[in-house]
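Based on the sequences and whatever the hints tell you, model everything.
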Amino acid sequence: MAKATARTAAKRQATPAPARAAPEPPPAADSREGALLAVTEAGIVGWAWDAANPNVPVQVVLLADDRPLATAIADRFDIELVRDRAGPGLPGSAIRLAGLPPGRFPMQIALRDLTGIPLGPPITVHGAEELLRAIDHASDAYDGHIEGMRDGFLHGWVWNPAMPDVPVVVELFDGEERLARSVANQHRGDLQAAGKRGGACGFAFPLPAALLDGAPHTLRVRIAETRIEIGGGPLNFGQLTVMPLFEEVARLRLQIDRLARIVEQLTEPNSTFQRELVRALYERVHAYGEVQREMVERELDALRRIALDPGAIAPDTGAAGLRAADKRG
Amino acid sequence: MAPRGALHAGSPAGLVMFTPLPPQPNGIADYSYELLAELSRTIPCTAVVEDGMQDARAPDGVRVLQEVEYEARAAGLADLPHIYQIGNNPDHVFMFPHMIRRPGIAVVHDPSLHHLLDCMTVLPGDIPGYQGALETEYGVAGRILGDQFARMNLREQRMYFDMPMLRVLLGAATGAIVHSRFAAAKLIARVPDLPVTVVPHQYSPPAFVARPADVRRSLGVDAKHVMFLSLGFVTRAKQVHTTLRALAAIRAELPPFRYVIGGEIKPEELDVAALVRQLGLEDVVITPGYVAEEDFFSLIGAADIVVNLRHPIGGETSGTMIRALGGGACVVVVDRGAFAEIPDTCAVKLQWGPDFEPRLADALRRLATDATLRAWLGANARRTVQGAHAPEVTAAGYVSAIRRAAGAPPRPWMTACAWDYLPPHELARLPADLPLWVRAGAAPVGVPGCSVLRLGDDWAAADPLATALGHPAGPLPSPDLGPFIAAGSVDLAVACLRAEHMDPDADTWLAGLNRVMAYGGILVLNLRRAESRGVRHPLETRAAGQDLLERAGFRVDLSTASSPPGLDDVDVHPALEDERCWRAVKVSAFAASPMLSASATAPGLPA
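As you go down the protein sequences, you meet chains A and B in turn.
Each residue of the first sequence is one higher than the last, beginning at 386 in my numbering.
Each residue of the second sequence is one higher than the last, beginning at 56 in my numbering.
Just so you know, the hints here were simulated from the structure itself, not pulled from any lab data.
Take the hints with a grain of salt, since some may be wrong.
Unchecked claim - Not everything, but these chain A residues come out facing chain B in the computed CB check (under 7 Å):
#1 Gly574
#2 Glu668
#3 Arg683
#4 Glu684
Glycine included, every Cβ here is placed at the ideal spot set by N, Cα and C.
Okay, here's the thing in C-alpha cells:
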C-alpha cells in the first residue's frame, strides 16, 4: 500500500479520462461501497468501506477481465478523497501489481469485495503502458548491474524479467540530484549471450564534466520514478579517483577540438580544482594545436622536397618500387 | 641461386644487423630472416639479437650473436655498416643503446614510433624519460603534454599517430630505410637531414599454402560461393563493420557468398556478432577466430576477394599485404598512405570519404559478379609484386642505402662540450664594469673544441669571453644571424643586445638561433637599456623572456637583472632595470608559434 502523500502526488498525474471512473459510488447491494479511481504510479487507486461497520476495513479484490489480479485492505485515510467527495473519505486503497496481467487490451479492471459484490463500475485500460505505472517496482524484480566508467560514460545494464518486452527507464543520480535519464535498450552481444532481454538492455550515461570539481561524488543508477537502485553502485569518486576519469573524459570522449568548446562552457569555474582543470585543458588545446601545426608544415615541406627531387629517396639501383615496376609491366 | 658476390657491386665488406629473429612471434623477425637470406649471398652478415634469445634462427651463413657476444667482439665489427630493424613494439627496445654507441641505418617499419617510446619509458616506469623525450621532440608543447601525462595521466589515443617521436628515436641514425613514399615523407618531415631511402618490401612466397578446396571445406564455404575475406585482429580501423553494412546493403544483388572474418574478435573493440545479427547476415558470415600468420596465405589463396581496409591509417607497410598481392589475390584497399602506392591496375583502391560505404558496396558488387575482373587484378598484382618486390631488389636497395649513408655528411646532434662555470668567489672578484652576463656567471668558461657564436651590437672593445672566461679570441660579433652558419654547429651563443635595437620579431630570431645550435648548447642573452629606459621590447620582463625562449626550444636555467641587484628570478618594474640576462639550454628543435604561451590562460581565469 502506498503512502497517502505518494498517492496524492500520483493522483494529480492520474491517467486521462478513459481510464478513470466517475468519483460517485454507485448504489451497492448491501452496506459496502467503493470505487476504483485511477491507475497511478502509486498503484491502482480506489476506496471501499462498509457503512454498517465503518471501523472495520474492507478487504477487496481487483479483477482484470474477471480474473483475480490482487487483493488489498482498504485501510488508509486519504484527505484527497474527502476533498474530491469520493465516498466518505475513508478508507482508501492503492493496489500495486506484481506484473502485467495476462490478456488483451482494452482490459476491464474491476473492484469487488471478498463476497464478490462489485464496488463501483470497472475502469477500462486501453494499453499495457497505462498499467505499467502501477507495477510493483520491487528491487528483486530487476536484474541489472552498473559496470563502471569507460570511454567517458557510465555503463551498465538492467531489465525486468517479468516484463521482458518493456525496456527499463533508468536515471543517473549524484547523491540525490538527478543528472540524466535514459532507456536501457542498447544492444550488446555479451548481454545477448547471457540471456538478458535479447541483449537489448544496456545503458550508457555520458559523464558530465561538471563532476570534475574535486568534490566527492556518489553516483547511483535508479529505476526511473522509484528509489530502486541497480546493483554495482553507488560509485564513489573524489580527488583520489578522479584521475582515471580525467583520462577517460579527455582521451576518448573529448577530442581536442571539443575540449575547447567545453572550456568555453565553463566560463565561470567555481573552485580551485575546476580552475586547474580548465587551465590544463586550455594549455592542452594550444599545445596540441602547435604540434599539429608543425606536423602539417613539416609534412608539406617534405612532400615539396620529394616532388622536386624524387631521386632523393629512391635507391640508385633503379628499383624504385611498385609504380616503377607497374610502368615497366 | 646467383653465386656469392655476383649481385651487388660496391657491396660493403660485411654488415651487422640488429633485429629480432624467428622463432620470436614478430613479423619483422620473419622479414629479417628472408632479407638476411638474400643479403648473405653477397655480403657476410652478422645478426645481433636480444640477450636471452639463444634459440634465434638465421639463414645458413649468417652469424647470430646475442648482445653480450656482440659487445665482446664489437671492436672487430665496429667498422662495418650497422642496420637496426625498428618496429613499434618491445622486441626492438634492446637495440637503442647500441645505436647510440654505433650509429647506423634505421629500417623504420612504422612511421610512428610513439608506442616504442612507451615501451622504453612508460612501461618500465620511467615517466621523466617520457616527459624528456616529448620535450626534446616538441619543445614547450611537448613539455606541457608530458607534464599533464605525469600529473593527470592525460593522453589521447591520437598522440600515437600525431606525435611519431622519430627525431628523438632516430637522432643517432646515419640513414633510414622505409618501404613506402608515404613513410619517407613522414620521416623527412621529422628528421629533414636524415638520408632516407625507399626500398621495396620484399615478396617471399609463403612456405606452405593449403589447397583452396580444403580450406573452403574446413570453413564451410561451398565451391560456388564467392568468398570475401578480411584478415587479422579485428579493430575498428579495419572497417569490418563498414564491410558488413556494405554487404548487407547489396545482399540481394550478390551471387551466393560468404564473408570470412579471420582474426581474433574482441567485442569491446567491435561487437561483430551483434552487428551480424542486427544486419541479418548470420548465415553468410563466418568467424573462425584467431588465425596464425602462417595460415593467412592459405585463407588468402582460398578467397575470391580480400577486403583489406584501414582507416585511420598508421602508415606501416604490411608484409601480409605484399604477400597477398604477390600471390595474385584480388584486394580492396583504402586509397591512402602506403596503400595508395599500389598501382591502380593491381588492386581496387577506394577513396575515403563520407560516401565510402556505398562506394565500397558498389566495388564489392562489381567484383563479386565479375570473375574476369578479379582475375585481371590478381594477375597484374602477381606480376608487378613478383618483379618489383623480388628479394634481390630489396637487397640491392639496402646496399644502396648503405652507400648513401656512408657518403652523407655527419649529422649534428648533441654538443660534446662539458660545461663549467666560474665559482662564486671568482665571480665576486670580477670588475664591476663587466657586463651583467659575465658578472652573473651566465656564460661557461672556455673548453677545447667549443664552437662559439658572438651576436649583437652591445659588445665592449675587450671581448669578456676571451678576457674573463678563457675562451679563444673569436671573430667580431655579427649583428645578426647570417644564412651561412650550419645547422646544429654552434655550442655556445652569446647575444649582447641593446633593447632599442632588439628585433621586434623575437620569435623568428630565436628560432634561427635554435637552428644553428647543437642540442645541449648554451645560449646567453644579455639585454641592456643603454639609451632610454622607456623602450619597450619583446623580452621586457623575466616571464616574457622565459616564454619566448621556451617557445623557441630552450630551457631557461638562469635569469637575472642588474637592478635592483641580487633579486634573481623576480620581476621588477621594467623601467627600473638597466640590464637583464638569461642563460638557456637548447632542449628541442621544435619552435612553437606565439599562439602557445606559457602564460596563456583560459577565458575568465586569472593568470
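Consistency of the hints with the structure:
no. : hint   : in the structure
1   : Gly574 : 4 Å, holds
2   : Glu668 : 5 Å, holds
3   : Arg683 : 4 Å, holds
4   : Glu684 : 4 Å, holds
This entry satisfies every hint, going by the numbered hints stated previously.
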